[in-house]
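Since chain A is already given, all that's left is putting chain B on it; use the hints.
Protein sequences appear in the order of chains A and B.
In the working numbering, each number is its position in the first sequence, counted from 1, plus 50.
In the working numbering, each number is its position in the second sequence, counted from 1, plus 50.
For the record, the hints were derived by calculation from the structure and aren't laboratory data.
One or more hints might be untrue.
For chains that are exact copies, the list does not tell them apart, and a pair is met inside one copy or across any two.
Result set (EDC-like, lysine to aspartate or glutamate): computed pairs, CA atoms no more than 16 Å apart in a straight line [unchecked claim]:
(1) Lys-59 x Glu-102
(2) Lys-192 x Asp-371
(3) Lys-59 x Glu-95
(4) Lys-59 x Glu-321
(5) Lys-170 x Glu-180
(6) Lys-65 x Glu-95
(7) Lys-425 x Asp-371
(8) Lys-292 x Asp-370
(9) Lys-65 x Glu-436
(10) Lys-277 x Glu-138
(11) Lys-277 x Asp-392
(12) Lys-65 x Asp-93
(13) Lys-65 x Asp-444
(14) Lys-170 x Glu-271
(15) Lys-187 x Asp-370
(16) Lys-187 x Asp-286
(17) Lys-277 x Asp-141
(18) Lys-279 x Asp-141
(19) Lys-279 x Asp-157
(20) Lys-59 x Glu-180
(21) Lys-170 x Asp-392
(22) Lys-187 x Asp-235
(23) Lys-59 x Asp-371
(24) Lys-59 x Glu-436
(25) Lys-187 x Asp-214
Just so it is clear, the structure is predicted and the values come from calculations on it, not from any experiment.
2 protein chains.
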Amino acid sequence: MSIDPHSFKEIDPGKRILMGPGPSNVPPRVLQAMAAPCIGHLDPEFLTYMNEAQQLLRYCFQTRNPFTLPVSGTGSAGMETSLVNFVEPGDNVLVCVNGVFGLRMCDLTLRLGGNLIQVKAEWGRAIDPEAVRRAVKGRDLKLLAVVHAETSTGACTTLEDLADIAHEAGALFLVDMVTSFAGMDVAVDRTGIDIAFSGTQKCLSCPPGLSPVTFGSRAMEVLQNRKTKVPSWYLDMNMVGKYWGAHRKYHHTAAVNMIYALRESLRIVAEEGLEKRWERHFLNHRALVAGLEAMGLSMVVPERERLPMLNTVWIPEGADDAFTRRHLLQAYAIEIGAGLGDLAGRVWRVGLMGHTAQPRNVLLFLSALEATLRKQNIELRSGGMEAAAAVYEDAW
Amino acid sequence: MSIDPHSFKEIDPGKRILMGPGPSNVPPRVLQAMAAPCIGHLDPEFLTYMNEAQQLLRYCFQTRNPFTLPVSGTGSAGMETSLVNFVEPGDNVLVCVNGVFGLRMCDLTLRLGGNLIQVKAEWGRAIDPEAVRRAVKGRDLKLLAVVHAETSTGACTTLEDLADIAHEAGALFLVDMVTSFAGMDVAVDRTGIDIAFSGTQKCLSCPPGLSPVTFGSRAMEVLQNRKTKVPSWYLDMNMVGKYWGAHRKYHHTAAVNMIYALRESLRIVAEEGLEKRWERHFLNHRALVAGLEAMGLSMVVPERERLPMLNTVWIPEGADDAFTRRHLLQAYAIEIGAGLGDLAGRVWRVGLMGHTAQPRNVLLFLSALEATLRKQNIELRSGGMEAAAAVYEDAW
Numbered sequence: 051m052s053i054d055p056h057s058f059k060e061i062d063p064g065k066r067i068l069m070g071p072g073p074s075n076v077p078p079r080v081l082q083a084m085a086a087p088c089i090g091h092l093d094p095e096f097l098t099y100m101n102e103a104q105q106l107l108r109y110c111f112q113t114r115n116p117f118t119l120p121v122s123g124t125g126s127a128g129m130e131t132s133l134v135n136f137v138e139p140g141d142n143v144l145v146c147v148n149g150v151f152g153l154r155m156c157d158l159t160l161r162l163g164g165n166l167i168q169v170k171a172e173w174g175r176a177i178d179p180e181a182v183r184r185a186v187k188g189r190d191l192k193l194l195a196v197v198h199a200e201t202s203t204g205a206c207t208t209l210e211d212l213a214d215i216a217h218e219a220g221a222l223f224l225v226d227m228v229t230s231f232a233g234m235d236v237a238v239d240r241t242g243i244d245i246a247f248s249g250t251q252k253c254l255s256c257p258p259g260l261s262p263v264t265f266g267s268r269a270m271e272v273l274q275n276r277k278t279k280v281p282s283w284y285l286d287m288n289m290v291g292k293y294w295g296a297h298r299k300y301h302h303t304a305a306v307n308m309i310y311a312l313r314e315s316l317r318i319v320a321e322e323g324l325e326k327r328w329e330r331h332f333l334n335h336r337a338l339v340a341g342l343e344a345m346g347l348s349m350v351v352p353e354r355e356r357l358p359m360l361n362t363v364w365i366p367e368g369a370d371d372a373f374t375r376r377h378l379l380q381a382y383a384i385e386i387g388a389g390l391g392d393l394a395g396r397v398w399r400v401g402l403m404g405h406t407a408q409p410r411n412v413l414l415f416l417s418a419l420e421a422t423l424r425k426q427n428i429e430l431r432s433g434g435m436e437a438a439a440a441v442y443e444d445a446w
Numbered sequence: 051m052s053i054d055p056h057s058f059k060e061i062d063p064g065k066r067i068l069m070g071p072g073p074s075n076v077p078p079r080v081l082q083a084m085a086a087p088c089i090g091h092l093d094p095e096f097l098t099y100m101n102e103a104q105q106l107l108r109y110c111f112q113t114r115n116p117f118t119l120p121v122s123g124t125g126s127a128g129m130e131t132s133l134v135n136f137v138e139p140g141d142n143v144l145v146c147v148n149g150v151f152g153l154r155m156c157d158l159t160l161r162l163g164g165n166l167i168q169v170k171a172e173w174g175r176a177i178d179p180e181a182v183r184r185a186v187k188g189r190d191l192k193l194l195a196v197v198h199a200e201t202s203t204g205a206c207t208t209l210e211d212l213a214d215i216a217h218e219a220g221a222l223f224l225v226d227m228v229t230s231f232a233g234m235d236v237a238v239d240r241t242g243i244d245i246a247f248s249g250t251q252k253c254l255s256c257p258p259g260l261s262p263v264t265f266g267s268r269a270m271e272v273l274q275n276r277k278t279k280v281p282s283w284y285l286d287m288n289m290v291g292k293y294w295g296a297h298r299k300y301h302h303t304a305a306v307n308m309i310y311a312l313r314e315s316l317r318i319v320a321e322e323g324l325e326k327r328w329e330r331h332f333l334n335h336r337a338l339v340a341g342l343e344a345m346g347l348s349m350v351v352p353e354r355e356r357l358p359m360l361n362t363v364w365i366p367e368g369a370d371d372a373f374t375r376r377h378l379l380q381a382y383a384i385e386i387g388a389g390l391g392d393l394a395g396r397v398w399r400v401g402l403m404g405h406t407a408q409p410r411n412v413l414l415f416l417s418a419l420e421a422t423l424r425k426q427n428i429e430l431r432s433g434g435m436e437a438a439a440a441v442y443e444d445a446w
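Okay, chain A solo, but in the shape it has when bound (with noise of 0.2 Å):
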């Protein structure tokens, strides 16, 4: 066999601005972290890069679990790893479904033998706690698991009363904290958090390919007291924490240099600092919804219910769906999302995701949507990007 490395040009990728589910644009401190020389895994120095990613990633969580890690896999292996090492087969898991990724949890509860019982809310909507105790009176529930941020749907579901009912029940409380994570407030101790998981691409700015993971100290005594062996090997925790902590013990060899982007992007965090970093999330989107209300569009979620950093607004009548995402990313580079599921067709998603959370992009967006509009002849009212900053300049 034989091939033409001449047919392969050199990589040119497109300056998109990432304004999709993720992954969010990653600022160039964080790439240029990324390329730095490959050392090993067992390196004294990769040790102490890995010990300050764990600080950092703790920092970020706000919780003192001494088990803090990237695992070496994207934000659903976060989430494989986080089901895969607590249920066992026969085990009840109730899972509160109201987009893509609560299903995701379901798949994965039933392919490990567990007993699934769902609680479901509409896209789009929030998950009543009062359904979720309801469905939960009188069982013995292993692990109660929900998504804070449904990148789906837009839609953000308050943790308190649910990590009541969880503990109530003597089970754990997972969260997949894939697209809050760094973006807004999500405290794993303060609420209860025993599991919870992440992605790096989201509001982190880092590129995909890890994902950072925390267990408290009741999820830990769960995982040891395990009646089977954990059916994965290169997600069980029991081996990789042994790697990541005191021990050092080789189990595989971690992603070096993903590692350094991860670090990298944690003290572009830490320097911002949390709640800045929360507020300029909020700040733009509210600016976005602002600009998008003005011309006359509708947001799916409830004001009450919607994330910051991920915004589904209704597709107009008469609109083309592939073709404005398509204008949108060959015209002005700007890539959004297309619905997923039951929303197909229906939405768009527009992230404003950790460094692409910057008033320069939700101005431009604004104005390169209501000429793409336009274009198809979709009547919009005019005032939109105006609507946009002046809800910058109120803030400033």
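Relative to the frame of chain A, chain B by itself:
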């Protein structure tokens, strides 16, 4: 909770010479490609890079298998992928064991509920096909698994006879190519390998984080006719294949920048040419062995079973294992590997993988090792470097 961002310095790892069991030294071109701007995992430009990476992977695997892609995890995730998609509870699985990575496949087989049959060889030796033939006799076998290049010992097992034995028994033939991939001739199609996996941080000289896999038509048929769902969601290749195939159906977010790096490392392989690359690995291996033996040190593996890219040498009497490795790292910036399992404390593992396999590294290492051992009053013969240099001069 608060954190002092200034307590975390800018990343600045040393420039090591990576002569351990992987990662190997990553060429600047690969680091630079990895630092290109992150774009969306469904961006048309990214989809082109994915296609190209797949074409280049097929070239390196020497296969026409449509199902050839990088799994979003390290080599161990590739191993798990190669088993979790095919082994169902109760299946007979024969694993050849002559080191750590064979043992890992045994562990995984048991976690998946497979009936494990082991054929063992002494650590440091190849697997004897006749022992496998005897073990297979009269059995209904689902899968026969072998490590081509045992990274823990440096032994290379010949694959042709094992492929025949597997197929005569109606079993799939699975090969761990993590360390040999792109460093020596392993031809998936010609040999009749049904399932193979590799890693990026060995002879490809790409940072760790992805695991190239390839499945042939027999394997795909078995996958499609499973009785049970794959017990992993993240590594379910029915679904992952739909993202990498014509459907482009979202499964999980691809590790975008790692795929840039992989593509660039494969482009470098194609430019050098596989045959030349194998020759380069073999030449540097011969020079290294000539140098070590001239100094009076002994190789662990018999000559005709040796891997070119992973060289195990007995630690001479009186030498301090930990001191030697630490001194090589601190004084010469050379990383070598410690022994694992049965060989811990008794051998060193010297990698000559990908970009690391260069005369300058071999000669420097021989010189540094000689000095480090003399410092410990180990008696050595002189002439190691000269013997190595003679091998090069003969070849040029």
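Okay, the hints, checked on the actual structure:
| no. | hint | result |
| --- | --- | --- |
| 1 | Lys-59 x Glu-102 | between (37 Å within a copy, 10 Å between copies) |
| 2 | Lys-192 x Asp-371 | neither (42 Å within a copy, 47 Å between copies) |
| 3 | Lys-59 x Glu-95 | between (35 Å within a copy, 12 Å between copies) |
| 4 | Lys-59 x Glu-321 | between (38 Å within a copy, 12 Å between copies) |
| 5 | Lys-170 x Glu-180 | within (12 Å within a copy, 58 Å between copies) |
| 6 | Lys-65 x Glu-95 | between (33 Å within a copy, 11 Å between copies) |
| 7 | Lys-425 x Asp-371 | within (13 Å within a copy, 72 Å between copies) |
| 8 | Lys-292 x Asp-370 | neither (52 Å within a copy, 25 Å between copies) |
| 9 | Lys-65 x Glu-436 | neither (26 Å within a copy, 52 Å between copies) |
| 10 | Lys-277 x Glu-138 | within (8 Å within a copy, 20 Å between copies) |
| 11 | Lys-277 x Asp-392 | neither (38 Å within a copy, 29 Å between copies) |
| 12 | Lys-65 x Asp-93 | between (34 Å within a copy, 12 Å between copies) |
| 13 | Lys-65 x Asp-444 | neither (31 Å within a copy, 50 Å between copies) |
| 14 | Lys-170 x Glu-271 | neither (29 Å within a copy, 36 Å between copies) |
| 15 | Lys-187 x Asp-370 | neither (46 Å within a copy, 63 Å between copies) |
| 16 | Lys-187 x Asp-286 | neither (31 Å within a copy, 34 Å between copies) |
| 17 | Lys-277 x Asp-141 | within (11 Å within a copy, 23 Å between copies) |
| 18 | Lys-279 x Asp-141 | within (15 Å within a copy, 18 Å between copies) |
| 19 | Lys-279 x Asp-157 | between (20 Å within a copy, 10 Å between copies) |
| 20 | Lys-59 x Glu-180 | neither (57 Å within a copy, 47 Å between copies) |
| 21 | Lys-170 x Asp-392 | within (14 Å within a copy, 53 Å between copies) |
| 22 | Lys-187 x Asp-235 | neither (29 Å within a copy, 62 Å between copies) |
| 23 | Lys-59 x Asp-371 | neither (32 Å within a copy, 46 Å between copies) |
| 24 | Lys-59 x Glu-436 | neither (43 Å within a copy, 41 Å between copies) |
| 25 | Lys-187 x Asp-214 | within (13 Å within a copy, 58 Å between copies) |
Hints 2, 8, 9, 11, 13, 14, 15, 16, 20, 22, 23, 24, counting from the list given before, are not met by this structure.
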